[in-house]
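A.B. asks: The chain contents come next:
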Amino acid sequence: MRGFLPFLAHRLFRALIALWLVSTVVFVVMRLSGDPVPLLLPPDAPRSEIFLVRAELGLDRPLPVQYAVFLASLARGDFGRSIHFREPAFTVVRGYLVATLELGLTAFVVAALVAVPIGLLSAMRRNTAVDHAAMGLALIGQSAPTFFLGILFILLLSLKADLFPTSGRGDWRHLVLPALTLGAFTMASIARLTRSAVLEVLGADYIRTARAKGLAEVWVVAKHTLKNAAIPIVTITGLQFGTLLGGAVVTETVFSWPGIGRLAIQSIYNRDYPIVQCTVFLAAVLFIVINFCIDLLYGLLDPRVRAG
Amino acid sequence: MPRLVAGGLGFVGLLVLVALAAPLVAPQDPTRQSLRGRLGAPTWQGADGRAHLLGTDHLGRDVLSRVIYGSRVSLVVGFAAVVVGGVLGSAAGVLAGFSRGRLDAVIMTIADAQLAFPFVLLAIGIIAVLGPSFPTLVVVIGLSGWVAYARILRSQVLVVRSREFVESIHALGGSRARIVLRHVLPNVLSSIVVIATLELARAIVLEATLSFLGLGIQPPTPSWGGMVQEGREYLDSAWWISTFPGLVLMITSIVVSRTGDWLRDVLDPTLRGE
Numbered sequence: 001m002r003g004f005l006p007f008l009a010h011r012l013f014r015a016l017i018a019l020w021l022v023s024t025v026v027f028v029v030m031r032l033s034g035d036p037v038p039l040l041l042p043p044d045a046p047r048s049e050i051f052l053v054r055a056e057l058g059l060d061r062p063l064p065v066q067y068a069v070f071l072a073s074l075a076r077g078d079f080g081r082s083i084h085f086r087e088p089a090f091t092v093v094r095g096y097l098v099a100t101l102e103l104g105l106t107a108f109v110v111a112a113l114v115a116v117p118i119g120l121l122s123a124m125r126r127n128t129a130v131d132h133a134a135m136g137l138a139l140i141g142q143s144a145p146t147f148f149l150g151i152l153f154i155l156l157l158s159l160k161a162d163l164f165p166t167s168g169r170g171d172w173r174h175l176v177l178p179a180l181t182l183g184a185f186t187m188a189s190i191a192r193l194t195r196s197a198v199l200e201v202l203g204a205d206y207i208r209t210a211r212a213k214g215l216a217e218v219w220v221v222a223k224h225t226l227k228n229a230a231i232p233i234v235t236i237t238g239l240q241f242g243t244l245l246g247g248a249v250v251t252e253t254v255f256s257w258p259g260i261g262r263l264a265i266q267s268i269y270n271r272d273y274p275i276v277q278c279t280v281f282l283a284a285v286l287f288i289v290i291n292f293c294i295d296l297l298y299g300l301l302d303p304r305v306r307a308g
Numbered sequence: 001m002p003r004l005v006a007g008g009l010g011f012v013g014l015l016v017l018v019a020l021a022a023p024l025v026a027p028q029d030p031t032r033q034s035l036r037g038r039l040g041a042p043t044w045q046g047a048d049g050r051a052h053l054l055g056t057d058h059l060g061r062d063v064l065s066r067v068i069y070g071s072r073v074s075l076v077v078g079f080a081a082v083v084v085g086g087v088l089g090s091a092a093g094v095l096a097g098f099s100r101g102r103l104d105a106v107i108m109t110i111a112d113a114q115l116a117f118p119f120v121l122l123a124i125g126i127i128a129v130l131g132p133s134f135p136t137l138v139v140v141i142g143l144s145g146w147v148a149y150a151r152i153l154r155s156q157v158l159v160v161r162s163r164e165f166v167e168s169i170h171a172l173g174g175s176r177a178r179i180v181l182r183h184v185l186p187n188v189l190s191s192i193v194v195i196a197t198l199e200l201a202r203a204i205v206l207e208a209t210l211s212f213l214g215l216g217i218q219p220p221t222p223s224w225g226g227m228v229q230e231g232r233e234y235l236d237s238a239w240w241i242s243t244f245p246g247l248v249l250m251i252t253s254i255v256v257s258r259t260g261d262w263l264r265d266v267l268d269p270t271l272r273g274e
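Chains B and Z supply the protein sequences, listed in that same order. Residue 1 is where the first sequence starts when you use our numbering, and the numbers rise one by one after that. Residue 1 is where the second sequence starts when you use our numbering, and the numbers rise one by one after that.
Hints in this document: simulated from the structure, not taken from any laboratory. Model, not experiment: these values are computed from the prediction. Treat the hints with caution; some may be incorrect.
[As the list claims (entries may be wrong)] Taking lysine to aspartate or glutamate and the EDC-like style, the derived pairs with C-alpha atoms no more than 20 Å apart in a straight line are:
1. B:K160 x B:D131
2. B:K223 x B:D205
3. B:K213 x B:D171
4. B:K160 x Z:E233
5. B:K160 x Z:D236
6. B:K227 x B:E217
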């Protein structure tokens, strides 16, 4: 495992930098928004009370001090109190996180399980009708706007065909349409990538050798092709998870799915900034942790990465 | 040029023409309401005696006219965001390439961090706080796409700056601006065109998405994303309100990004792997 520790340290450092940048942007944006105190108090509150609350929140201190205090409270997991729910923001967001994880993981797993075999089949049956149909669908899946895809699914599969409920969270039938919508882009990307990765490997010399020595095609694919094509697939698949998280905001809004994405949008309408800040930050943490794990996996799969 | 791409370019050209000539092409004022003609199905002769080829919405406004006017929003925001992202990204890339060392590291770290984060979330946060407006929308969408330009220009600057002829230009007193304009930009122009096309598709979808979430163009100005949102409540009874603007958006997105893919294959095959 030589070289793996420095690789790990480097990636960890980058993850921390990204996290710090995100929190700084959050801080700057929150301060740009102006004084939150009038939102917290009734409109006819006396000036003395406004000053009191301002001092309580530390808003009368110099900006650098406020920034330091902000970073320190983030590190403690303190995101302030929700204006709307009158509870600590983190407690509120945590309650919604499970639904988002349920939807996100389902979408991701389904996308990967469907896309890899399709990509493989497309590559094996290159330039046939199967290949063209699959890749055509993948192109549409990659460029179709998520929110409209969701609306189309609701219209066709829910309202017209009456196969699935239109919205909400419940049994598995509630999960089908949101997961398909959220996973569509990921599915399309993984399918296209798998196809090109497999095609690339199929052209390699060692595949010709494997075939020349009389190995059955099943073994050529299973043992030599998939293993080598796995590296690019795993990387891109990992990166896709971030796109998926972004898409969760839209998907949850379309399907009234009670997750943190919909909570964020509703909190924007309620001007509940502590919640918005907390969801953005938590999503960033989640995303960075996942990316970090993917990096590790990548480093384990391909020793050459560690050097780079 | 494959027939598909020719058709695509034709579609984009038509879209631009329609957007430019919206007042001439649109059959009606896109904000004119008609209480009697609400939720009318696509028809040649509606309750108000006019043709509504794509139906009317919940306020009796003509969907076709709104789709036509909506193309203005999509194209203007899309192109403006691409320009903002392109200019900022190119400047950052040139700066990073020439500065070497700390500034380069800072710019590229920011680029990495941004790529490592779902930007939609950040965009939503920023717009939530600053309030939705046309300039905010353009800047936020533009900022979401600067990294690709910065990377390509930085690497080209790095390639060119060590060449002997560039050193002699420098020795003769030629400015960096001259080096960038005469020797860096021409080399990356085709890549920039490819990136800009792909970015245009992304910007149009992002604008529609933000408008759908209520964070983009505000009503009553028609935008495709906003129209899909408005029709959501009436999907069961009046499917046309959401479906037509959504379909036009989807076709636009597919066509523009396919054109970008094709341009990439023709102009700059090296970008393929990315």
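A.B. asks: All hints are to be evaluated individually against the structure, with a verdict given for each.
C.D. replies: Now the hints, each set against the structure:
1. B:K160 x B:D131: Not OK: K160 of chain B and D131 of chain B at ~30 Å, beyond 20 Å, violated.
2. B:K223 x B:D205: holds, 15 Å
3. B:K213 x B:D171: violated, 51 Å
4. B:K160 x Z:E233: OK: K160 of chain B and E233 of chain Z at ~15 Å, within 20 Å.
5. B:K160 x Z:D236: Satisfied, since the Cα-Cα distance of roughly 8 Å is no more than 20 Å.
6. B:K227 x B:E217: Roughly 15 Å separates the two Cα atoms, so the pair holds.
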